[in-house]
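2 protein chains.
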Amino acid sequence: MTPTMARPGGRSAKVTAAVHRAVEELLTDGGSVTVPRVAARAGVNATSVYRRWGDVAALLADTALLRFGTSGDVPDTGTLRGDLRAWGAALAEQAARPAELALLRAAVTAGPADPGAPDGAESARSACLAGRNAQAEALLAAAAARGEDTPTATRVLDHLVAPVYFRALFGLPAPSVDVLVDRLLAQAASSPPG
Amino acid sequence: MTPTMARPGGRSAKVTAAVHRAVEELLTDGGSVTVPRVAARAGVNATSVYRRWGDVAALLADTALLRFGTSGDVPDTGTLRGDLRAWGAALAEQAARPAELALLRAAVTAGPADPGAPDGAESARSACLAGRNAQAEALLAAAAARGEDTPTATRVLDHLVAPVYFRALFGLPAPSVDVLVDRLLAQAASSPPG
Numbered sequence: 003m004t005p006t007m008a009r010p011g012g013r014s015a016k017v018t019a020a021v022h023r024a025v026e027e028l029l030t031d032g033g034s035v036t037v038p039r040v041a042a043r044a045g046v047n048a049t050s051v052y053r054r055w056g057d058v059a060a061l062l063a064d065t066a067l068l069r070f071g072t073s074g075d076v077p078d079t080g081t082l083r084g085d086l087r088a089w090g091a092a093l094a095e096q097a098a099r100p101a102e103l104a105l106l107r108a109a110v111t112a113g114p115a116d117p118g119a120p121d122g123a124e125s126a127r128s129a130c131l132a133g134r135n136a137q138a139e140a141l142l143a144a145a146a147a148r149g150e151d152t153p154t155a156t157r158v159l160d161h162l163v164a165p166v167y168f169r170a171l172f173g174l175p176a177p178s179v180d181v182l183v184d185r186l187l188a189q190a191a192s193s194p195p196g
Numbered sequence: 003m004t005p006t007m008a009r010p011g012g013r014s015a016k017v018t019a020a021v022h023r024a025v026e027e028l029l030t031d032g033g034s035v036t037v038p039r040v041a042a043r044a045g046v047n048a049t050s051v052y053r054r055w056g057d058v059a060a061l062l063a064d065t066a067l068l069r070f071g072t073s074g075d076v077p078d079t080g081t082l083r084g085d086l087r088a089w090g091a092a093l094a095e096q097a098a099r100p101a102e103l104a105l106l107r108a109a110v111t112a113g114p115a116d117p118g119a120p121d122g123a124e125s126a127r128s129a130c131l132a133g134r135n136a137q138a139e140a141l142l143a144a145a146a147a148r149g150e151d152t153p154t155a156t157r158v159l160d161h162l163v164a165p166v167y168f169r170a171l172f173g174l175p176a177p178s179v180d181v182l183v184d185r186l187l188a189q190a191a192s193s194p195p196g
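Chains as they are written, first to last, in our numbering: chain A, 3 to 196; chain B, 3 to 196.
Just so you know, the hints here were simulated from the structure itself, not pulled from any lab data.
Among these hints, one or two may not hold up.
[To be verified] Partial chain B-side listing against chain A, Cβ under 7 Å, derived:
#1 Y52
#2 T111
#3 R127
#4 L131
#5 F172
#6 R185
#7 L187
#8 A191
Computed from a predicted model, the values in this text were never measured in an experiment.
The beta carbon of each residue, even a glycine, is placed where N, CA and C say it ideally should be.
Next up, chain A with everything else stripped away, as it sits in the complex (with noise of 0.2 Å):
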């Protein structure tokens, strides 16, 4: 899930890292992102970057593949409700950062095997979902453990993560997560699984 550790290190590596982050600065400061601009804010040749990535859509791409693809921690509140809050919020408010709602946008954009990609890298929506999914397994799991009544994975896709992405991405304000969480989990207990 952190591709970047398998490429080759050294001054590649640190050449990857200028890059990424020159790519999220960018994005920050809200000015449009180019090949020849990433590369003068990374210090490094535009050759370079062309040659590694292909084309700023590409390198996008494997920015948000960084960014999105990891499943890193979840929170551990003791409930299963809580837990959904806390990772919910947390959702939403990377999803409201410039720089990161434009790397999910191109996340959504990228195609299954992008130009550049090092082999055998998933592509960044599906390391996207795939991380998603695996923090909700992961919380379900301890939940589970506890002895709580947990809904499905693709649950907790459809009506809590859904309307998180949604509405970023369609510049709508981010929804209530916890009302989100509240109807998710009385859903679970009276309704039939899917």
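Please arrange chain B on chain A, whose structure you already have, making use of the hints.
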């Protein structure tokens, strides 16, 4: 909601229609969409396409606006459950077609002011959202007029449109729309508004 109608008619309108058709055909064929390929398929000069739309991203966004920006007709089955099921199924079917999924992705990525867009045109993204919201409002108003209890339009977006579009955008199989609608109506009857 049909911006081409407001553009100059005659030759210009014919070129616009031919270019949009060429974009959709290329997307359906699964080939890459470039300005020269669109121009060749549409039988127009590439320079005309560049002058009118700026670049391929703006052209995709404009085509997406036409495809997703309309609020069009909504089903009238006599019950809110039936209307939401038919409408949700149509949205899922549309989002599953390769050309329309590519346009939905273009809409999500499009900026609020696409270069080359006609003056005052809404972006494809906000037009898509406004179109879905107007359709939800129309279904809900018809149901309210029949005396049915109704959820809010926001809730329809969060729990029906969001999972349908989220799954399409992230490459998951379409959800069971009937199950989503059943949950939405069960929720609306039992939990706090929002």
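To see whether the hints hold, each was checked on the structure:
The beta carbon of Y52 of chain B is not positioned within 7 Å of any beta carbon in chain A (closest approach about 18 Å), and the interface hint is therefore violated. Contact between T111 of chain B and chain A, as hinted, is supported at the beta carbon level, the nearest pair being about 5 Å apart and thus within 7 Å. The beta carbon of R127 of chain B is positioned within 7 Å of a beta carbon in chain A (closest approach about 6 Å), and the interface hint is therefore held. At a threshold of 7 Å, the smallest CB-CB gap from L131 of chain B to chain A is about 5 Å, leaving the interface hint in force.
Because the beta carbon of F172 of chain B sits about 5 Å from the nearest beta carbon in chain A, less than 7 Å, this interface hint is met. Taking 7 Å as the C-beta contact cut-off toward chain A, the hint placing R185 of chain B at the interface holds, the least distance being around 5 Å. Nearest Cβ of chain A to the Cβ of L187 of chain B: about 10 Å, over the 7 Å cut. The hint is violated. Interface hint at A191 of chain B: violated, since its Cβ lies 11 Å from the closest Cβ of chain A, which is beyond the 7 Å cut-off.
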